[in-house]
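Asks: Here the structure of chain A is known, so what remains is to put chains B, C, D, E and F in place on it, guided by the hints.
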Amino acid sequence: MMAAVEVSEAEKVYILHGIRDDLRVDGRGCEDYRHMEIETDVVSNTDGSAKVTLGHTVVLVGIKTEIGKPRPMVPNEGYLEFFVDCSANATPEFEGRGGEELGTELSNTLYRVFNNKHSIDLKRLCISPGEHCWVLYVDVLLLQCDGNLYDAMSIAIKAALFNTKIPKVFISSDDEGGKDIELSDDPYDCMRLNVENVPCIVTLCKVGHRHIVDATLQEKACSVASLIMSVTHKGTVTCTRKVGGGSLDPESIFEMTEAGKRVGKALHAPLMKLLEQEESLGKKQQKVGFFG
Amino acid sequence: MPTDTKRVRGPDVSQSPSLFVCQPADGVSPQGPRADGRRRDQVDVRPVFVRCGLVSQAKGSAYIEAGNTKLMCCVYGPRETERKDETDMKCGRLTTDMRFAPFSCPERGSWIQGSQEKDFSTMLQESLQPAVCLHKYPRSQIEVNMMVLENSGSVLAHAITCASLALADAGIEMYDLVLGCSLRQNGASYVADPTSAEENDRGPDQSRNQGSLTVAFLPSLNQISGLQSDGEMSEDTLTAGVRTCIEGCYKLYPLVQQVLSRCVSRAACAPPPR
Amino acid sequence: MISALKDKVGQILVPGDEFCCGAEDTISLTAHVQPEKVVCGPGLMRSADRLQVCKSGVLRHKEPNMFWMDSQQKRYVPTKGDAVIGIVTSKSGDIFKVDVGGSEQASLSYLAFEGATKRNRPNVQVGDLVFAHFIVANKDMEPELACIDGSGRANGMGIFGEGGLLFTVSLGLVRRLLAPHSEIRSDLQQLVPCELLVGINGRVWLKSSSTQRTLIIANLLQCCDTMTAPQRRTGGRSALIDCPSQRWRM
Amino acid sequence: MEVCGISNVTLRDFSCEQSLLSRPDGSSSFMQGDTSVLAGVYGPAEVKVSKEIYDRATLEVLIQPKVGLPSVKERSQEQNVRETCEASLLLSLHPRSSLTLVLQVLHDDGSLLSCFLNAACMALMDAGLPMSCLFCGVTCAIAVDGEIITDPTAAQEKECRALLTFAIDSKKCRVMMSSTKGSFSVQELQQCIAISQKASEKIFQFYRDSVQRRYSKNL
Amino acid sequence: MAAGFKTADLLEYYRRFLKENCRPDGRVLLEFRPTTLNIGSISTADGSALVKVGNTTIICGIKAELATPTVEAPGKGYIVPNVDLPPLCSSRFRPGPPGEPAQACSQFIADLIESSEIIQTDDLCVERGKLCWVLYCDLMCLDYDGNLRDACVIALLAALKNTQLPEAVISTETHLPVVDLEKRHGLKVCKHPVASSFCIFDESTLIVDPTDEEENLSTARITVVTEEGDRLCAVHKPGGMSLSGQKLQECINRATVRQKEIQKLTDKVLSSVKTS
Amino acid sequence: MQQARRAGDHTNMVFHFLLHGHIMHTTSWFLFFPGEKLCSAEDCVLGTGVYLRHGYIHSSLAGYVVRKSEGKELPMISVVRGTELQLLPDVGAIVTCKVTSINPRFAKVHILKVGSTSLKDHFKGTIRKEDVRATEKDKVEIYKSFRPGDIVLAKVMSLGNVESSYLLTTAENELGVVVAHSESGAVMVPISWSEMQCPLTYAKELRKVARVQAKHLEA
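Chains as they are written, first to last, in the working numbering: chain A, 1 to 292; chain B, 1 to 274; chain C, 1 to 250; chain D, 1 to 219; chain E, 1 to 276; chain F, 1 to 219.
So that you can see chain A by itself, here it is in the shape it has in the complex:
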C-alpha cells in the first residue's frame, strides 16, 4: 500500500547485515533520524502551516480554522478534522486509487493519535456550548516520499498547530436574545494553542532481528512489519499500530515500544526549542515582508 521501491536480494542482504552491526547504508545508527528541516508559516492563506523535510521526504501541513457546530455528544468542545492528500508528484504510486487509499489510512491514524483528552485542549475551542466551536481543518500534503511519512507528518502537524493563530471572538446578545459572533479585527489579537502535549509519531521498522527508526524506502523494503507509536513529551503513548504484512513476536514488540518511547520523548524538547526560535525569527521576517 505504501509507496515501495524494488530492492534486489543482494541489496537486501547488504542492508540486513549492516543493520545487524548498527550500521545503516547512510551511516546512521539504528535509532538516529536523518537530517530534518522545519519551517513554519509557509502557506499564506492558512491560519497555521509548516513544512518538514526529513531526508528526501517532504510534508506540508496547513491548518484552517472555521466556526462550526459542536458534535452533539460533546457540546462543549471543538474538534479537529484531518485530511491527507497524497500528491501524485510525490511518487507515481500515489496516482489514482493508491494515493486515495493511503490518504484515508494516514488520516484515520491521525484521528486515533489525537483521540485523547490531553493532546489538544478541545474545550478551549468551544465558543458557545452546543452552538458554536472552532473546527481545525488539518490538511496534510505529501510533496515527496522517501519513507517515514508518519513521523514527518506528525512533526509537521505539531509545528503547524504551534504556528496556528485563532482569531479572538466576542459573543454579543442582540435584543431578541439571539447571539452574534464577532471576530476580532486585529490580526495580533489571537488565541494560540498549547502544543506541549501534542504527540509525535515514531515508526519503528523491524529489520532482521533489530529495529530501526526513520527508515528509508530501501530499508522499509527489507522489513516485514513496523510499529507506529505516537509519544508525548512525557513519554505517554497515545496510539500504537502495527503496519505491514508480517507479524512480530511479543518480546520484540516490547523492545520496540521501549525504544519508541525513548526516541519519541527525546524528540519534543529540541523541536519546541526550534519552533520557538523560528517564531521569534518569523515575526521579524513578517514585518519586513508585509506592510511593516
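Mixed in with the good hints there might be a few duds.
Stated by the list, open to error - Below are the BS3-like pairs computed for lysine-lysine, each with C-alpha atoms no more than 30 Å apart in a straight line:
| # | chain 1 | residue 1 | chain 2 | residue 2 |
| --- | --- | --- | --- | --- |
| 1 | F | LYS124 | D | LYS51 |
| 2 | F | LYS129 | F | LYS144 |
| 3 | F | LYS108 | F | LYS72 |
| 4 | F | LYS124 | B | LYS90 |
Derived by calculation from the structure, the hints in this document are not laboratory data.
Just so we're clear, the structure is a prediction, and the values are computed from it rather than from any experiment.
Replies: Okay, now just chains B, C, D, E and F, sitting in the frame of chain A:
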C-alpha cells in the same frame, strides 16, 4: 453531500431519539463490579458463541457472538484478481471489507462506508495477512467480508477471530489461526473484552492512563500480527496490556479449536479413505 | 406457405407475424412440380414448421422462392461476402483491426492483400480506409476481412481514400444505391461527375472536383431517405446551381 | 370519458414517430394523451468485458426522469422494461454484444410505465433488432367505486384505489409483465387483465399503422 | 449423470428433475423451503427479525428517529425501507452502492408498504406539522440463495411487529422534543401481507420459492403478495416469458395458502418471544 | 499412551505429544488446525496442507493428517480436508472449461472445474491456436476446433503473465471438446477425432474432439 439516488430516501434530517432523553443514563462506574457481573483487572472475557459454515454461498463463513456483539464473516475466493500487477503473479491478495449494519449501533449508521469502517477494514487486513499463505494463491484474491450485526464492544478483536475461522472454514492455507482480544484501561484498573458502554466511558478528566488496546495473536507461533491502541497510556501499561490480551487470546483458543473440529468433521468433510 | 407469403409481398409485416406450413403445401405439390423450399433472407426465421417475421419492414420476394424483409436499419451486422468500408484502428502481430461499424472489430490479415507475402507487407497505417469483403462473418466468430477475391486479385479492394469524404447513410439507402439499376446513382451521375464508393455497412466515400460539390452531394445523399425521387432531382439540381463557386468566394 | 367493461376499451389519443433521432440506431417518441416518452436504442455494439455474455447480447435500459437524477423508482421500472424486452428480443442472435435502450420522460400525465413499454417496443423495431414478438403496455386504474379506467391520466391515478400495469405480448396476448400498486381482489385482477388484452389489440394495430406510415415511401 | 453433467448443462439437468415433478433439492414443484423466524435478536435496534427461507437469510433491523413531517402530509410519519445485498451474501455482489436487484427490491418493499397500508403512517405522528417518527427499516441479506422478496417481506413484518417506540412528546415549556426511552409502546400493524414468489421453466413448469440457481435458469419470475381475506396487494412480474391466466391463478391459490402459514408462524414466534 | 485427539475430542493437553511424530502412525484420524506442529522435518517430507518452519512441519489447514510411505523413503505428510479442496488451477492440472469466444488466433474459455472439483469462481483461460493439437500445428484453425458454448477438457500449461490469463492446451488425444451443441441446439455425438454429428439433422460439424474415456463419460 450529493443525494443518494440508489436508496429509498427518507426526510432530509432526522435525529436519534436519544438526543432528547430527559435524564442522561448513568455512566459506568470505574470501580466495583462491571455491569454484566464480570471482574475488573482479570482476563474475564465474555462467553463466546461461534459457528462455522452457516452461509451457503460463501467458500467459508463464521458467526461469532460475544455478549451482545454479533458478527458475521464470509470468505470468497480465491478468485481471479481483476487488475493484476507483477506481485500478483507470485502472491495472492487478501482484501477485507468490514461494515456495520445501519442498526448495529445505538445511533443509526449510514449505508455508505465511513472512514471508521475503512479503518477497521485496514486493521483487519493487517492482522490477518501475516497468517495467510498468500504465495499459494498466485493471480488471485481472497475476499474477507465482515458484517457487524450488533456492536456491543470489542468489535475489532472479535472480527479478527471470526475472520480467521471463516478463512479456516474456507480451506485457505494459513500459517496459524488468528485470535483477537481487546482491553480498556481506565486509570489503574482495566477491563478485558469491554462492552461498548465500557469502551465509551471517558472516566475522570485528570486520568492520564486511559485507552483501548486490541491485539491480534497467532497462538501456535506466538506472534503478534496486529496491534492497535489509542487514548493515553504509559509504556508500562501498554506492555502489560499486550500481555493481558495475549492471555485473553489463549483463553479463546480451545473453544475456537472445538468449533473448527466440529466444522471439519461435518458430514461434508468426512475423513478421507484410508 | 409460399402462396400465403406471396400474398403479402410488398406489404408491411411486424415481428411476431407467422406463416404456417400447413396442409396447403402438400396440395401445392400437385399443382406445381417443384420442391417447396422457401429460402429465408434477412428478417425471416424458420422455427419448426413455421416461418416467423423478426424485423419490421416490407416483405420482398425474388424468384423462385426467396423471401426477405426490407427494413431500414442503421446498425450494420456483418454478413459473409459483404463488401464494406472499414477504418484501420490498430496493428497487432500479423493482423490489422478494422472498425466496420459492427459490434466487434473485424480482423484483416496482412497477407489478404493482392501480391502480399511475408516479406512484402502492404503499406497500411492506422487510420487508413480500406475497402474489403467479409470472408468470415458469423455470430460465434470474430469477423474477418480480406482485400482479395478467391483468385487472389484485388478486384477493386484495398486501401483507398486520398482526398475524399467518408460519411454514413442508412443501410436501406446503401442497398438502394447498390441495386443493379439504381435510380439514385443514375440521377447522381447525371448531376455531377464524381467518384463514389459504397460499403454495404452504410459508409459512403465520395470524391468530386471540389470540396463544395462533394459536401453538397454528401448532404443530398444523406437526405435521400426522406425524399421522393422528384424532390431528390430538383433538390439536387438547385443545390448545385445555387451554390456555384463564385457565391462561396464572395 | 373512459368506458369500463370489456366490450369497449377506451384509450387516450396515441401518436408515435420512429427514426426521429439521428445518433441512436433506433428511436421513437410515443405519446398517450399528454404522457410522452422518447426512446433511443444503441447496438448491437461493442460490449464491456465485464458485462459480456457468451451466448447472447447484454441489454441495458436507462430511464431518465423529466427532471433530476434517476432514483430507486426508475431503477425498478428499468428492470421491468428490460426483462420485458429481453423476453421479446432474440438476443442469442447477437452474442457478446451490447444493446442500450434509453428512455427519456418528456411529460408524465399518468400511465407512464405503459408508455415506456410502448416507446421501447417501437424503438427496438426501428433499430431492426430481431424480435420474436411485439409487446405493449396497458395501465388500468381501479377507482374507489370499483370502476376500471384504462390508460388513466395522472389525476385519475391519484384518485384510484389500485393501479395495475401490464405488458401484453402480440403472439398469445398473455401477460409478460405486471406491476401493481394498491390492493385489489382476484376478480378485479382478472378483469383488468382481460381489459388490457382487449386494449392490446388496438395498440398492436396502432403499431402496425405507424410502421406502415414509416415505410410508406418504400412501398 | 453426476456432478460433471451438471456443470456441462445445468438447464438440462434441471429439466430432467422437473419432468419428474421434483427438484434437485428434493422438493416438489409447489413446495417452499423450510422457513424459520427469529424475532428481536438485535438489542441496538428498536425492532428486529431474522428470517431464513432455506439458505436465504435476511435480517431486518428497525431504527426509529425523529423528524419534521412533510408540508404535504403534516399528520404522517415516514417509513423508509432499504434492501442491501452486501458482497458478504453472495459472490455475485460487489462492494459499493446497491445494484439493480437491491434497488428494485427496495422499491418493491416500499410499494408494498404503501399498497397494503401495513402501518397507518398517521400513527407515527407525534405532533401535527412538528414532529413525527421515521422508521428506518433496513433489510440486509446475509446469505443469498434466491427468493429475496418473500424473505424480505416476512422479515419486515416480523420486525415491525417487534418494534417498540419510545414515548415522545413536545415539551410545552422548551418546545423541544422530550423522549423517554424506558416507556415504550408497540406499533399497530394492521395488515399481514405475505409474498410468494414463483419461477417458470420453459414456458410451462411453475415452481415456487426458487433458489438462486433456479432463478437464473428460469424464463420468468413472478411474486404474488396476498393479505388476509384473499386480497392481493401486489402481482409483480418484472418481465420474462408471458404467463397464462390459468398459471396465474395457480400462483394466487398457492400464495393464499402460504399467507395463512406465515401469519401463523409469525404469531407463534411473536407470542413465544413475549412469554419468555 | 493413546492420548492423541480424535475428531470431536477437544482437550488441549495433548499438544506436547504431537510435537513428536511418533503417535501418528495409528489408524485414528487426527484433527489438526492451522499452525500446529506435526513433526520434525527429519521425519517426513512435505505433502499438501503443510508448511515448514524452523525445522518443523506445521499444518496450514484445519483437517486430518495423512501419512503416505512408499518404499524406504521418508513418509509424506499431508493435512487434508474430507472433501478434496482444489481451489486454484495448477500447472499440469486437467480442467473442464466452457468456450466463451473464439477468433482465428485463440479461444477464450472459462475454467469451471479443476480435476473433479467445481470452482465457485470462474477463472479465465486461453487456448492458443498452436496449443490445440500436437500434430500439424500450423494447419490448425480455431473455427474448426471450438465454438462458443463448447465444454472442453484441457490441461494448464502455465499461469500466463500479467496481461494474459491461464494458458491451456488440448494437444493430447484425451483432451478437447467433450460436449458441443449443434446449430439446432442438440447435443452432438462424436464420430471421429475431428468431427461431431447432430442427432437431429445429421449435420456434421468440425471440432477438436477428446477421445472419450470411461472416466470422462460422466463429464
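Asks: Are the hints correct? Go through all of them and say.
Replies: For each hint, the structure was consulted:
At roughly 14 Å between alpha-carbon atoms, LYS124/F and LYS51/D fall within 30 Å of each other, so this suggested pair holds. In summary, the hint linking LYS129/F to LYS144/F is supported, as the alpha carbons are separated by about 11 Å, within the 30 Å threshold. Only pairs whose Cα atoms come within 30 Å are accepted, and LYS108/F paired with LYS72/F is rejected, the gap being roughly 46 Å. Restraint check: the Cα-Cα separation between LYS124/F and LYS90/B comes to about 18 Å, which is no more than 30 Å; the hinted pair holds.
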